[in-house]
Each structure stands twice: as C-alpha cells, then as structure tokens.
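2 protein chains.
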Amino acid sequence: MDPVKITILGSGSALPTKNNFHASQVLEMRGKSYMIDCGEGTQIKIRQYKVNIARLDNIFVSHLHSDHCIGIVGLISTLAMLGRKNTLTIHAHKDLEAIMSPMINYFTDDDSFKVIFNPINPSKKVMIYEDKGLTVTTIPLKHRVPSCGFLFEERQRERHLIKSMIEAFEIPVKDLKSIKKGADFIDKNGFLVKNERLTTPADKPRKYAYISDTLYTEKIISQIEGVDCLYHEATFLEQDRERAKETFHTTALQAATIAQKANVEKLILGHYSARYKDHEPFIKEAKKIFDNTILAKDGLRFEL
Amino acid sequence: MDPVKITILGSGSALPTKNNFHASQVLEMRGKSYMIDCGEGTQIKIRQYKVNIARLDNIFVSHLHSDHCIGIVGLISTLAMLGRKNTLTIHAHKDLEAIMSPMINYFTDDDSFKVIFNPINPSKKVMIYEDKGLTVTTIPLKHRVPSCGFLFEERQRERHLIKSMIEAFEIPVKDLKSIKKGADFIDKNGFLVKNERLTTPADKPRKYAYISDTLYTEKIISQIEGVDCLYHEATFLEQDRERAKETFHTTALQAATIAQKANVEKLILGHYSARYKDHEPFIKEAKKIFDNTILAKDGLRFEL
Chain A
0 MDPVKITILG SGSALPTKNN FHASQVLEMR GKSYMIDCGE GTQIKIRQYK VNIARLDNIF
60 VSHLHSDHCI GIVGLISTLA MLGRKNTLTI HAHKDLEAIM SPMINYFTDD DSFKVIFNPI
120 NPSKKVMIYE DKGLTVTTIP LKHRVPSCGF LFEERQRERH LIKSMIEAFE IPVKDLKSIK
180 KGADFIDKNG FLVKNERLTT PADKPRKYAY ISDTLYTEKI ISQIEGVDCL YHEATFLEQD
240 RERAKETFHT TALQAATIAQ KANVEKLILG HYSARYKDHE PFIKEAKKIF DNTILAKDGL
300 RFEL
Chain B
0 MDPVKITILG SGSALPTKNN FHASQVLEMR GKSYMIDCGE GTQIKIRQYK VNIARLDNIF
60 VSHLHSDHCI GIVGLISTLA MLGRKNTLTI HAHKDLEAIM SPMINYFTDD DSFKVIFNPI
120 NPSKKVMIYE DKGLTVTTIP LKHRVPSCGF LFEERQRERH LIKSMIEAFE IPVKDLKSIK
180 KGADFIDKNG FLVKNERLTT PADKPRKYAY ISDTLYTEKI ISQIEGVDCL YHEATFLEQD
240 RERAKETFHT TALQAATIAQ KANVEKLILG HYSARYKDHE PFIKEAKKIF DNTILAKDGL
300 RFEL
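Protein sequence lines, in the order shown, are assigned to chains A and B. For the first sequence, numbering that gives the first Met the number 0 assigns the number 0 to the initial residue and increments by one for each residue that follows. For the second sequence, numbering that gives the first Met the number 0 assigns the number 0 to the initial residue and increments by one for each residue that follows.
Errors might be hidden in some of the hints.
Note that the list lumps identical chains together, so a pair holds whenever it fits in one copy or between two copies.
As the list claims (entries may be wrong) - Below 25 Å or equal to it, Euclidean Cα-Cα: the simulated DSS-like pairs (lysine-lysine) are: (1) Lys4 with Lys265; (2) Lys113 with Lys287; (3) Lys296 with Lys49; (4) Lys49 with Lys4; (5) Lys49 with Lys17.
No lab work stands behind these hints: they were computed from the structure.
Between the sequences and the hints, there should be enough to build the whole structure, so can you do that?
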C-alpha cells in the first residue's frame with residue numbers, strides 16, 4: 000500500500016522563530032499533494048525540505064489569522080514565476096479572496112495559472128472537497144475568528160485479487176475492475192463464484208485530522224474518532240492554562256485528552272507559543288494521558 | 000563616533016532558499032533603525048538575529064516585486080500583536096498601498112498603530128525622507144518595473160570641543176551648542192576667540208548606498224560617488240551575463256565596475272540567483288576589479 004506522507008513545514012504559532020515557522024503542512028496521498036495552512040515562509044520550507052508540489056492543486060486554510068495564510072501570496076508569486084499551469088484552489092473563509100486578490104493579481108501575469116477561491120463556512124461540518132483518492136471535511140472549532148480543522152478521509156480502497164484464483168477461474172481482464180469492487184463472477188457455464196473466493200478484504204481507508212487553532216472542545220471527538228493520526232494544536236502547557244483559555248488555544252494535556260477520548264492511533268502536537276524554548280515538557284505532559292504522542296517540528300515527515 | 004550598523008536579513012533574490020532569504024536589511028544610525036526592503040520571512044530573521052526594531056519607524060521599498068516587499072504584511076501583523084504604538088511609514092511606489100492595505104487592515108485591530116504610505120516616484124532623484132540624523136534620497140534604477148535604490152546620508156556632524164580650551168576661556172554651557180556648529184566666541188571683555196581654537200573638525204558624515212534591482216547602469220555613479228559602503232545587487236555571474244541583461248539584473252563583475260568607477264570605500268554583493276549554490280565565484284569575479292568587496296549573507300553585520 001502506498002503510504003500517506005505528511006510533512007510539517009511550520010510548527011510555530013503567531014510569532015515565528017528560527018526553528019518554528021508559521022503553520023503549514025503538506026499531505027501526500029495517491030500521487031497528489033494537499034497543503035494545510037500556509038504561513039509566512041512556507042515557500043522557503045518547501046524548497047528546504049524538497050517537498051513535491053508538482054501535483055499540489057489544493058490549499059486548505061483553517062482560519063484567517065496571518066500566521067496561517069500569508070505565505071499564500073509568495074507561494075503563488077513564485078509558482079507563477081516558475082511557469083506553473085495547473086489551476087490552484089484555495090479553500091478558505093470567504094474574506095481571503097477579498098484581502099489577498101489585489102496582491103496576487105499584482106504579482107502574477109495575466110497569463111499565469113488560475114487561482115480559484117472556494118469559500119467555506121468554518122462553523123459547519125461540510126465535505127468541501129473530493130477527488131478519486133479522498134474527501135476533505137471541515138471540523139468546526141472554537142477560536143477568536145471563524146476557524147475549522149480538516150478531516151482527510153481516504154476513499155474506500157479496492158479488494159485485493161487472489162491471483163491464483165483469478166487464473167484458476169480464467170477470469171477475463173474486463174471483469175477484474177468490478178471484482179475488485181466486490182462483485183461476484185459468473186463463468187461461461189453460468190457457475191457463480193462468490194467474491195470472497197477471489198479476493199481478500201481491502202485495506203482500511205486512512206484518516207488524518209488537523210485541528211488548529213481552538214479552545215479545548217470535545218465537540219470534535221465524534222468527527223475524529225479512530226483516525227490514524229490526529230494533529231492537534233498545543234500552543235501552551237498546563238502551567239499557562241488560563242492564557243490558553245483567554246486566547247482560545249489548547250494545552251498539551253488537553254490535546255492528549257482529546258486524542259484519548261477520540262481513540263486515535265497517534266497524536267502529533269504543534270503550534271507552540273514562542274514563549275517556550277524547549278518543547279520536551281509538551282511531550283511529557285501529553286504522555287501522561289496519551290502515550291503514542293510525538294512532537295511536530297519543522298521538517299518532520301511521517302507516514303500513516 | 001557611534002557606528003552606523005547594517006544587518007543583512009536576506010541576501011537572496013526571487014526564489015528564496017534556506018540560506019538566502021528574500022531581500023531585506025536594517026541600517027542603524029544615531030539610535031534609530033531604518034529597514035530597506037522587506038521580503039518574505041523578514042520578521043523571522045529579525046528575531047533570529049535579534050535586530051533592534053524598537054525604533055524602526057521607516058521602511059524603504061525599492062520596487063514592487065514580491066521578493067522585496069511581501070514580508071511587510073507579516074511584520075506589521077506581528078508588531079500590532081506585540082502592542083506597538085509608534086507610527087510606521089512605508090516609502091514605496093504608490094501601488095503598494097492599494098494592494099497591501101486590505102490585508103494589513105484585516106490583520107490589525109482598529110486601535111493598532113498607524114501605518115502611513117509615502118508614495119515615491121522611483122524614476123526621479125528626490126530626497127524622500129529626513130530626520131535629525133540623516134536624509135534618504137532615491138537613486139533611479141533600470142529594472143522591469145519602476146525601481147530605485149536609496150542613498151542614506153548622515154547629516155553634517157558637530158565639531159569636537161577642545162575641553163581644555165573651553166575651560167581656559169570659561170565658556171558658559173549655553174554657548175557650547177553654537178560653538179559645536181562652528182560659531183566663534185566673544186568673551187565678557189569683548190575678546191573674540193575663533194572657533195578653530197576651541198574645536199577640531201567634525202567627523203565626515205557617513206554614506207550608504209543600496210542598489211537593487213537593476214540592469215548595469217552608470218547613471219547612478221554620480222549619486223553614489225565616494226560612499227563609505229555600496230550594496231550592489233549581483234544576481235548573476237559573468238558566465239550568465241546574457242541572462243542578467245534579459246532579466247534586468249547585474250553581474251558581480253559589473254557591480255565591481257560600478258564600485259570602482261564611483262570610487263566607493265567598500266562593496267557588498269548580494270541578491271544572488273538561487274541557481275548558484277556556491278557564492279565564492281562572485282567574490283573572485285568582483286575582486287578582479289574592486290578589491291575591497293565582501294559577500295552578503297543572511298545575518299551579516301557590518302559597520303561604517
């Protein structure tokens with residue numbers, strides 16, 4: 000099975016630092032790339048970490064705070080300069096188009112690639128994107144401005160053919176497509192072969208949930224139940240729990256609580272406040288509740 | 000004499016790399032800071048290199064290509080978040096205000112500090128800024144869009160008092176200000192003391208010229224004649240001279256030729272194309288013509 004790859008381009012928050020740039024990550028699945036958030040410096044990190052964006056056609060923006068979206072202007076400007084042709088769709092709150100279009104139009108030529116803004120309503124659970132490989136659904140969050148996370152769900156995969164059986168029943172190639180989808184087979188003598196004799200079950204579709212920025216909220220749990228990996232913001236530590244509440248952010252302990260309650264496979268913490276020089280306390284705090292936790296850092300790559 | 004300090008925040012060009020961010024530098028003189036250009040990632044470099052921007056009230060933008068100005072949005076957004084109060088003036092081609100204001104207004108609160116756009120005409124030699132310490136004058140350049148360099152000229156400095164003479168003539172404190180400016184002194188008996196007996200000459204005012212982006216042009220020479228330091232773009236090497244011409248840029252050898260003809264003290268090369276991994280050939284090429292050349296790199300600090 001081809002892996003789903005995720006690269007963290009930026010793991011910082013509002014104040015970017017040398018080691019923790021503004022929020023951005025790229026998910027690669029079935030040959031396509033999807034960007035989630037695009038803070039300042041994203042185009043630099045793409046080059047630094049050699050992220051493949053040849054098939055990046057969609058950017059998903061969680062909310063319109065500058066640390067989650069201002070890298071879009073520079074990225075588009077550079078892609079235009081490099082001669083990109085494919086349309087790029089930006090899924091974001093409707094205001095993004097109004098505030099960003101003047102700069103984008105100014106820095107790109109008229110014959111440059113097309114940029115489409117797909118306005119989303121962050122306060123509703125809606126499937127905002129789908130292609131052959133996956134669907135993307137918004138996860139409403141609680142932040143100072145309208146904000147949503149994203150659930151990336153791989154589509155149902157095909158069942159695996161049992162080669163020896165396919166040969167034994169002399170099944171024509173034209174029938175394989177439907178058999179992989181679960182159809183039975185009827186041979187030339189009218190004999191029915193049940194699908195279970197010809198295939199083994201499909202791999203489980205993979206799911207990735209991105210949650211940033213938000214106050215601790217259990218409302219998201221039903222949507223992210225059992226995902227292979229949950230990225231959850233942990234801007235603060237418990238010692239600054241009050242500050243987290245005031246600014247509508249989450250602590251590492253709270254993120255781990257969500258991971259545990261949602262029964263996810265793995266938790267990634269990120270979006271650290273610049274006040275913390277050392278991130279080890281984040282993992283210590285989270286592991287008290289949810290052991291399979293890792294810390295995001297700029298350049299981190301992992302697979303589902 | 001308090002030094003004039005210059006910090007290179009970004010020494011790259013259109014395609015930023017891990018080591019060479021978009022163009023930006025900060026000049027510090029007589030307690031104030033002045034930013035020249037502000038490409039993507041400038042706010043990150045400010046934090047990384049611990050540049051003092053408490054008294055940064057002016058940003059000078061050479062031209063409206065994205066690698067020279069898109070960092071302004073993030074910088075302002077962050078300064079607003081940190082509670083800055085002082086007005087910030089951006090000296091740039093008039094279009095900047097139209098394209099950037101929507102984002103700046105969106106990402107800052109109504110009670111945030113004031114941002115003033117001072118529209119400049121890059122095709123004219125004009126003094127666009129002055130304060131107690133210095134004047135800033137545009138230097139028209141030849142690029143694909145209206146573009147100018149900047150000449151930072153320290154104002155005439157005061158003459159140095161000869162302490163022993165001031166004491167010997169029992170000169171009151173109230174007269175020292177005019178004496179430092181060159182006035183003679185008349186004592187209570189009507190005896191005239193020539194200024195030359197009371198002071199030694201003032202230090203020479205310092206000058207810094209910033210030239211980026213431009214085709215090789217000797218028209219700038221009269222304006223930058225004899226400056227203490229010339230920063231000149233060197234996007235290409237001579238081996239790519241044709242490419243330099245096509246894209247309205249300069250080679251290292253051409254930059255050195257300008258430095259020699261303008262009889263400057265020191266030359267700094269920067270704004271390297273991302274195609275060159277190694278910058279040593281730039282210095283080799285320039286030194287054939289102008290020996291006192293150094294290479295800009297992100298984080299380089301030097302004094303005039």
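Practice task
Go through the numbered hints given earlier and state which of them the structure violates, listing their numbers in rising order.
Solution key: Violated hint: only 2; rest satisfied.
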